[in-house]
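K.L.:
The listed protein sequences derive, respectively, from chains A and B. Position 249, counted from 1, in the first sequence is what numbering that gives the first Met the number 0 calls 248; the numbers after and before it change by one each time, with no gaps. Position 25, counted from 1, in the second sequence is what numbering that gives the first Met the number 0 calls 24; the numbers after and before it change by one each time, with no gaps.
These are computed hints drawn from the structure, not numbers from a lab. Here a beta-carbon is modelled for each residue, glycine too, at the ideal position from N, C-alpha and C. Among the clues, some could well be false.
[To be verified] Going by beta-carbon spacing under 8 Å, a handful of chain B positions derived as facing chain A:
1. Phe70
2. Ala96
3. Phe99
4. Leu120
[Said to hold, decoys possible] These stretches of chain A come out as covered by chain B in the derived footprint (C-beta under 8 Å, 3 or more residues):
5. 166–173
6. 184–192
[What the hints assert, rightly or not] Selected chain B positions facing chain A (Cβ under 7 Å, derived; list incomplete):
7. Ser68
8. Pro90
9. Asn91
10. Ala103
11. His107
12. Tyr116
13. Gly117
14. Ile168
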Amino acid sequence: MASSSTFRAARVRRLILHVITALCVFFVLAPLVVVILNSFSSVSYNKFPPPGFSLKWYENIFQVPEFGNSAVYSLVLAALSTVLATVIGAMASYAFVRGRLFAKGLISGAILASLVVPKIVLGVGLFVFFAKIGGYGQLWSVVVSHAVISLPFVVTLVSAAMVGLDRSLEEASRDLGASPFTTFRQIVLPQIRVSITVGALFAFIVSFDQLESTIFLLKPGTETLPIALFNYTIKHQDPTVAALSSLMILFSVALVIVAAVLLKRGNAMEALRRTQESQK
Amino acid sequence: MSDQGQAGPPHAEPSQAGVPHAVEIRGVRKAFQGAVALDGVSIDVPDGSFFSLLGPSGCGKSTLLRVISGFESPDAGTLHIAGRDMTDTPPNRRPTAMVFQRWALFPHMNVRDNVAYGLRLRKTGKQRIRARVDELLALVGLEEHSAKRPSQLSGGQQQRVALARALAIEPRVLLLDEPLASLDLKLRLQMQLELKRIQREVGTTFVFVTHDQGEAMTMSDAIAVMKDGRVQQIGSPQEIYDEPRSAFVADFIGDTNLLELDEPVRDGRMTVGGRTFAAPDRAAAGGEGDGGCKALSLRYERVRVGEELDCANVADAAVEEVVFFGGSIRYRVRLDGNAQELVAEVPRTGVETPYPIGARIRVGWDPNAAIALAS
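Looking at chain A on its own, in the form it has when it is part of the complex:
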């Protein structure tokens, strides 16, 4: 029967789809699971599954002073570069979507380029650049570098939100007497607030996790948390790294969940508004 064979083909297709999806999820999560399980290991060598349970590697994190110092440095760095990337990214998005820019495609391409350029290449380039102009090893040069790497995330998210904005709202504001700046603050900003917040969260995570580009930019002695981890791994093989990594995973996941909830709420509100409008 034709109909039952079509039905069976559809079922097979769906089964294949499920298997592929399950494999994808498995390969993404498996390393994380290994790291997290190993962080509770009772032995100092790598053995999976761990032979026993202990929290000593979490305690050990606090015995290594480099971790504390570098964590503070990383948080400050991420906070500063997030502010920079978010402010510039939001303004750039507005210019891309609304402005009459010269070479718009070229400029937005340049901003998005750091997504595709290998970070290690970018790191070498930034090192040479800052060594030349005299910012090597200083906080501000690392802040700028991280902002460059975070910028594409902010620009992509905020531009997408801005494309959906009704231009006549801004015109209405101008028409009622508002300057361009007041219009941006009072009318545009409240409507893209969710996207900007989510963009900022992504920028923070990107900066906080950044290793390859940063490693060239810091003088010996100053470390970000990923660099401290990297250096520790070279010397020691114990699960302290796994414990610290687990904490960082937890922190990143928490931020992503916050971002997802915000986005979902924003989308839901937007969807609600659209359906209500279309019903009229």
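Since chain A is already given, all that's left is putting chain B on it; use the hints.
P.N.:
Just chain B now, with coordinates in the frame of chain A:
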């Protein structure tokens, strides 16, 4: 109504001493990447009037409104608002306010904050803002909805909020860009009367853009009919309806038969499709301008239908199509002996028997019921 809006050399003379026109547009041109949107438009909008810009889509009426509001700057020409040159003034420094086509209410503010927006920008005192917003919400009948978000309102209500928000800043000129286009028919008719009432109450000059000739006729003190970036004619609704200057205007406003003359009018007689009829007196006197009378506009409702007709122009015809309109019937008929078609719209009396398709009837019209057109 002034004649200055006629396509032709822009007049440079200032407005009559005393009261300046609310808006004076002189020789305004605007092209978008080579596509001409406004091709030398000159219009005077009298202070306190309800003025409509009417035309098919793409005629330039919305562009003209955006030039008045300041969202587009003209390539050439000048714009005066209340006697002051505003050609290069940014929109936020013009004494105009706009009601947008989709109303453009701020979705993140409630009704009260939407209406108060312009007043807050002007640093008006809190008490005064509250009083003024209350007054406006009363004017548009939305007192009970002041705390709602725009998304919680119906289309008609949103339209009223947009109106109140624009009127709040006491503009010299209120600009309306087809604000009724997205409302359903019944609500649209209701809002037309409402807009007219509000305009009379506040006395502000309204410049209203529409492609709906019925809407323009119902509300306007004066109408500028536009086509291809040019003003075709400016006049009161009655003038535009009764004395259209071109076939375009005659056809665009109301429903009309356009009859082309075979040759110029001679001795008060004219020939249409090989038949001779009495010409309107105006056409006999030479028509409008030098071109003479080239065509006639004969409104559907001015064509009479029946067995016995006492008008000067009568012809035998056959009914080809019958359309019921409830209050009236439209007959499309073909005159005997030639290919000329006419449409007649006849009021229904309730006791008549409508003619069936194919019926032999007589149609006729009073010679002066037809309008002589130069083009």
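K.L.:
Now, for every hint given, state plainly whether the structure supports it.
P.N.:
These are the hints, each one checked on the structure:
1. Phe70: Holds, because the Cβ-Cβ distance from Phe70/B to chain A comes to roughly 6 Å (cut-off 8 Å).
2. Ala96: Result: holds, 6 Å to nearest chain A Cβ.
3. Phe99: 5 Å, holds
4. Leu120: This interface hint holds because 4 Å falls under the 8 Å limit.
5. 166–173: holds (count 6)
6. 184–192: Per the Cβ count (4), the hint holds.
7. Ser68: Check passed: Cβ of Ser68/B comes within 6 Å of chain A, closer than 7 Å.
8. Pro90: With a closest approach of 5 Å, the Pro90/B hint holds.
9. Asn91: 5 Å, holds
10. Ala103: Ala103/B check passes; min Cβ-Cβ to chain A is 4 Å, inside 7 Å.
11. His107: For His107/B, the interface hint holds, since the closest Cβ of chain A sits about 5 Å away, which is under 7 Å.
12. Tyr116: Since the shortest Cβ distance to chain A is 6 Å, the answer is holds.
13. Gly117: 4 Å, holds
14. Ile168: 6 Å, holds
In this structure, none of the earlier numbered hints is contradicted; all agree with it.
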